[in-house]
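Generate the whole structure from the sequences, applying the supplied hints.
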Amino acid sequence: MLALMLGLSLLFYQVLKGWEQTILQSSERYRDLASREVA
Amino acid sequence: MAVTQFEQQVKYGLIDTEKTDSVEQGLLSLLLANENISDEDSSAHFAGVLRVGFLKAKIDDAVRLRITGQAEGDPHLIFLCDNQGRLITGWGNRDHVTVSGDDLRIAPGDVPPVVARAIQDPALKNVDANRTELATSFRFGNDIYLCTFRYLPATQDWIVGIVVPRNFYLGTLLQIRRQVLWASLALIIATILAGGLIIRSAVRSHSLILRGMARMNGFEFVPAQNSSYLRDIEEVLIGLEKAKTAMRAMSKYVPINLVRQLYQKGEEPVLGGKTSELSALFTDIKDFTAFSETLTPDELAEDLGRYLQVMAEIIQSEKGTIDKYIGDSVMTFWNAPEAVTGHEILACRAALRCREALQELYDSSDWGHAPRFETRFGLHRCVASVGHFGAPDRLNYTAIGDGINLASRLEGLNKYYGTHIIASESIQTAAKGVFEFRILDRVAVKGKTEGILIYELLGERIEGKSRPEWVDRYEQAFTSYQTGDFATALELFEDQVEDSPSIVLASRCREWISHPPPGMWNGIRVFESK
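So the sequence lines, in the order shown, correspond to chains H and L.
Here numbering that gives the first Met the number 0 is used: the first residue of the first sequence is 0, the next is one more, and so on.
Here numbering that gives the first Met the number 0 is used: the first residue of the second sequence is 0, the next is one more, and so on.
I should point out that these hints are in silico values taken from the structure, not numbers from a laboratory.
Backbone N, C-alpha and C fix where the C-beta goes; we use that ideal spot for every residue, glycine too.
There are no misleading hints in this set.
Computed footprint of chain L on chain H, listed as stretches where at least three residues anywhere in the stretch have a Cβ under 8 Å from a Cβ of chain L:
hint, segment
1, 5 to 16
2, 31 to 38
In silico lysine to aspartate or glutamate, DMTMM-like type, Cα no more than 25 Å apart, as pairs:
hint, chain 1, residue 1, chain 2, residue 2
3, L, Lys124, H, Glu27
4, L, Lys57, H, Asp31
5, L, Lys431, L, Glu474
Structure follows, in structure tokens:
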């Protein structure tokens, strides 16, 4: 059961990390567009 | 304000030059620096100055772009700088322009600290015409900031910078992550605690099962109040208790030693037996039929139950195997299913103890006014077949053989001689060192022609104590009787008027004196009935 909990925690971590990467990449594109606009 | 307007307002004294902002101060200083240059020459220097002023205002407007579209609260900070980390755009009226070499730049003192940190970022130096975009992040204070640099072509290596706190994008996600983390942590702790409790309960229950099994292996079937929160284990414990109940019930019907032996060998009873030397004991209650007619069935069952309980406890404590109850009779044997050393002695002791314990029972208040049973015992050592007999699907562990029948006949002879415990010669031979016997007679029981000597068991032999005189006299008389000297025997027997066997044999002597036995006298009394 402990192993299951650790496994689920790892899975959650991976999902959240993926979300974070996706958001950061989106924000990067967002800022890139803004910098083009400024340029 | 347009620079031409500014220039005209300065010229006509409409602007207080002491109160201008930093940009206007810069323009003013440039205008004053070039006031000696003729108007006709304005296309050269003033064009440049005017262009600088125009770009500064325009660029400042450009970097006020609202990325999020919100009028307020947009955390994106946009600025222009060069790859030397010098700001080109300013931050309001308090900015002041400084000359940095050939360039005009914004003094960094009034800019937001995070922008000042961003333009100091080492990554900025990597942004140029070859690498026009670069995204980086840095920690400032307690926060992490994301920063994007973009190289502006067709400029003096200007770079657009956008800096924003990472939490602006990830704040909600990080909050969710923290919540998930804490929830997971709480769940793990709860799981560990619950798991620990479950494991503890399982281990305890497992231990209960093992202890229960160990007790059952040792043939201890005492009820136990065990329970478990785990359903499966609870069912196992209930099953164990049921098995114990079944074993307790079974032990009341079959010899417990037999069940133990079969259990320990892991065998099932099968039809068949083996020949073994046994000591057999039969008991019976004198005139039980007459007693039973005076009692109600419940009273009879109760009295008989107490009587047999006393008998059974003693027999089992003397390692006897109770074969069966036949109404008021008990059939017992020793040396099977487990071998018992000195089984003849144990059988004699059991008979004596039963007689004594029954007297105590009758004298006790428990027995009350119930009739006192008089018990007769028959003892014989023999070789018999002992094992599982009966139909293959309904077996009975018992002993069968002539010797067993003889033990039963000996019990019946008590009725004739007026005695309580009659033993065969084989028993007397084996136990005479421990118990006191007296010879009773030489008899041939029903169905037999060969005579055997029978003895009365009198009690435990006491070291140093001589035999009673009446016993010696009886045996002297019996010796005379056996030799056919009935007159001498009669004389001796008649001296013991309180001894039932003496009375019986005296009567028989008289009979032989008046009607001498035909043929050769062998001294055997033949019984034609049981």
